[in-house]
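Engineer: So the chains spell out like this:
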Amino acid sequence: MARIGVFVCHCGENIGRTVDCARVAEALRDLPGVVHSVDYKYMCSDPGQQMVKQAIAEKGLTGVVVAACSPHMHEKTFRRAASGAGLNPFLCEMANIREHCSWIHEDREMATAKAIDIARTLVEKVKRNRPLKTIQIPVTRRALVIGGGIAGIQAALDIADGGREVVLVEKEPSIGGHMSQLSETFPTLDCSQCILTPRMVEVYQHPRIRLYAYSEVESVQGYIGNFRVTIRRKARSVDEDKCNGCGACTQACPNRKVPSEFECGLGKRPAIYVPFPQAVPNLPTIDRSRCLLFLNRAKGRPDTCKKCAEACSKGAIDFDQQDRLVTEEVGAIVVATGYQVYSIGKETGRDDLHGYGEYGYGTLPDVIDGLQFERLASASGPTAGRILRPSDGKEPKRVVFLQCIGSRDPAKGMEYCSKICCMYVAKHTMLYKHKVHDGQATVFYMDIRAAGKGYDEFTRRAIEEEGARYIRGRVSRIWRDGEVLKVQGFDTLSGRPILMDADLVVLATAVRPQPGIEALAQKLNVSYDRHGFINEAHPKLRPVETSTAGVFVAGACQAPRDIPDSVAMASATASKVLGLFASEMLEREPTVAVVNDALCAGCFHCERVCPYGAVEHREVRNRAGQVVRVVAYVNPGVCQGCGTCQATCPSKSVELQGFTDDQVYQQIQALGL
Amino acid sequence: MSHPHGPETLVDRVHRQTGINIRRCYQCGKCSAGCPMAQETTIRPHDVMRMAAQDDLEGVRQADGLWYCLTCETCSVRCPNQCDPARVLDALREIVQEDHPEDAPRPLRAFHRSFLDQVRSHGRLFEMGLIMAFKTRGGPLFADVTTAPGMLSRGKLHLAPTRIRHLEEVRRIFEACGQRED
Amino acid sequence: MARIGYFPGCSLHGTSREYDESLRALLAAMETSVEEIDDWSCCGASSAHQGGRLLGVALPARNLARAEAQGLAEVLAPCAACYSRLAASRHEMDRDPDLAAKVRLVLAREDFRNGVQVKNLLQVLRDRLTDLKAAVRVPLKDLKVACYYGCLLVRPPEVTGGFDDPEAPSSMEEICRALGATPVAWNRRLDCCGASLSLARSPSVIRLGSTILQDARKAGAEVVVTACPMCHSNLDFRQQAMRHRGALEGEMPVLFLSELAGLALGLPPKVLGLHRHFVPTGSVTSRFAAAAGEVG
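Residue numbers (my numbering), protein chains in the order written: chain P, 1 to 673; chain C, 1 to 182; chain U, 1 to 296.
Calculated directly from the structure, the hints in this document are not laboratory data.
None of the values given here were measured: they were computed from a predicted structure.
Where hints are given, some of them may not hold.
Claimed, not checked - In silico DSSO-like pairs for lysine-lysine, Cα to Cα no more than 30 Å straight-line:
hint, chain 1, residue 1, chain 2, residue 2
1, P, K486, U, K218
2, P, K576, P, K419
3, P, K523, P, K486
4, P, K433, P, K486
5, P, K486, U, K144
6, P, K76, P, K59
7, P, K257, P, K419
8, P, K394, U, K133
9, P, K346, U, K270
10, P, K453, P, K268
11, P, K268, P, K257
12, P, K394, P, K486
13, P, K307, P, K268
14, U, K270, P, K397
15, U, K270, P, K268
16, P, K133, P, K76
17, U, K102, U, K270
18, P, K453, P, K299
19, U, K218, P, K346
20, P, K419, P, K433
21, P, K576, P, K171
What the hints assert, rightly or not - Taking beta-carbon pairs under 8 Å as the criterion, some of the chain P residues facing chain U (in silico):
hint, residue
22, C194
23, G357
24, E358
25, W479
26, D481
Claimed, not checked - Chain P residues, not near chain U, derived (Cβ > 12 Å throughout):
hint, residue
27, P32
28, E589
29, N622
For glycine and all other residues, C-beta sits at the position ideal for the given N, C-alpha and C.
Isolated chain P, as found in the complex:
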């Protein structure tokens, strides 16, 4: 016979203002099976918890219903209390009379009646609760980090330094990401490569990091603690065991006119190339879409040019190399794929982004984006650090910077703020002034968003000490008039239309997630927003977790992030991963689906509807060891307890523990509908 205890919480005024809690307790007291029913001001307080424990002990309760806030808030608290008093924690449930009742109603009479109804349904459920045990799953204590930019590097190093193995996958030929392209960094103006390259080398040399550069994640199977990841190692056409990185092949390549990705198209590279001098690994890669030999092969013609192979003293060039698939077992995954900048060309890569025809759609050579300016300002860049404009190589004396291009622009781009532009534009004006002393930098901005340590001081310095002219307003149009660019804008603070000449215009283009992020997110089963940024599990309290257990997120693939933010997030993911790896076994809530082997007809409808891929096939054998039937099996490590299988199973042979059909029907019945 059930002996249920009911505990009604006032939550101060939160519930008490709208719901007559004493009356709720009183009404519940008369229900069959309820042997104890009380109300109290703060049930979650220590005295409140003591009331629960005491009642369990004194009245021999077989189930507890706490009518209070959402189980998201305090279910753990009360289950722990129940457990402390010797009751199986899963025999304790919360009736949500705050979010579901008091907060959303005004009429006290009706709200009280509803609270009684809500609590009553839970009493009926708890009567049918069975003691459950948490599930233990083994953990593979190795991590996969996807993306070798600063976030991925930081996460990999922190996890590896914490004593666990890391597999780091980078799709480009070298790690380093966008940070390796930057000249100097805000707000300290220290050299980006100087602070980054030691980290890159550290990754390369770390005994616990396995680096797969020029590789991509092909598929992901499994669940938290037990992922099986297939990685495509794209063919570099270079045998990395033989190559000594001497660079003779890149010198020998006759096709030296390929626009360099690293230089954002402002410089050229050969068809066999190392993206930049400090690349890690220092291995050349043949770009097969540009290599003469491969172009000929595609047309069915014989190989003509083999200059790179001829120049290589190690015989490392391998024109017949194929992509290879490797499989890695890991227990946790960190997604750190970073960002791309909004294209200023007509092709934006998405139908709903329209580009900026009024700024020349990227057809005006002296209208460039912020990353291109970084390359111009970088000592290792195509101009060796001199600010020279692309059209004629002259030094621009008037540079105009436009902020919010593609950001905060729902008409042509994205409505969100890209966060980093205000700061890097201020930095650009300084870098420019440091290199072109008689030059004038002008910035068109809408707001200066410089929230961060030393950030506002930095933008003020650009204005007050470095003489950057900041004009509050947007530019309507840019056109070319002979050698100069005409910039037509408006100064909303002085109320004057502005038409100014510029030698170079730099557009601070929006931060967007990397192309292909959606496909990767689907492989990982993590959710993403409509822009493609990976969603965090909770915007405040779980900022580096995702919707899938064991998959974490760091850096600009989650939202526009600057370097310190990305690094902080990366270290946070590392701490999460190391926490997960702290023990060999992982505990999980037992609210998972369980298949009744005897009833299952093996139709596998559940397999088709399961959003998490948790349903597996299990063979049932007779004593002779022959397979007699194949039935469904729900992997408790993967199951998220959504109940879709239970709702759709035609033979009613799968049940979600803690939410059985009987429990749910009795809850409904309790409402007397």
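Model the placement of chains C and U on the given structure of chain P, informed by the hints.
Structural biologist: Okay, now just chains C and U, sitting in the frame of chain P:
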């Protein structure tokens, strides 16, 4: 928009007429930057948007930029926040004319009145009639209107209006839209 | 023979009759028959919506309803202002069913479905680019043309249906290239000429118009091409006033796109109405007119 129980504000009126929420405007000034009349006016499109978003009808009434809008649509095409200033200015002109018909500059009122009169009377625009009516209503006498003879010799101006057959249809439209004859 | 609905509009019956003349001649030469909307009325142009939204939508809608009753699927509105008003009226009724219902009531046309496509001359010619190219008899070799779009042919994209890019259009250049002419790259092709204030505030119009013409000249254009009677009359008729005020030097012929195409198709300048311009067009006709000498 505003609280459903509150009085209708200017923001509400513009929303009712155009479906545009002018509170979206974040005052970037791109409309005024591209406005071909910005250098001839003192209250520019973004100023008008600002005043309207603050429910400042009195301010809007003072806006010369409201009346010298060329309806060239540049502002609307380039507005980053889909505020469609050209439509908003249309709506504001309509609102001001409803509440304060005397506000519109005289030559403009004269022009639009003369234009609509022509359409009401003939179903089509009789250009000669328009110019004459415009001048009688107090439109400025331009030097170049005197080149009308040049127009005549080129066969470009008719001396008599063409009247459509079903003029009553056009008249009904005018009446249904509350346009009375002067 | 192809058939297309036609809404000439008031300007083409008056101050811009050469546009009407050249257009009819051109379409006839391209074996397209033109069917005028019976008893069409003024679209209301820039004045009607000053008299309220309903008037601004209902006046053009009367013509759309008549075209629909006439069985026309698409209507060519050569005047950019008429095009814009007709297309905007269609668009507004499309997205606002209440407004459409009101308009049906005002027009006393219960059966009006708002199903007529409205097109401007750029759309119609670009749709028929192959035919046009095939019909060219006198290629306009080495003629440098400044294609002037103005405001309403490509703006706003919701109304034009985005048939061309509102910030970087190319249809008029494509058409001119098909005629053998050489479009120049210039900066003012999307600027407003000020037509809607033409009578009420002519100094503004002179400032805006002269800026456009100067830029075309600077880019090396020998002729400015337009597909809008408002723009044409502003840029052609007002050149004298621009010169008077010192805003412009010399003359820049301004041709309708239909006139330019007509020349390339070998139609006589007189048929195209080139003698009706204020700025002499001889610099162009003398080079390309099939029967040169007809026009001074």
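Engineer: Hint by hint, which ones does this structure get wrong, listed from lowest number up?
Structural biologist: 3, 7, 8, 9, 10, 14, 15, 17, 18 and 22
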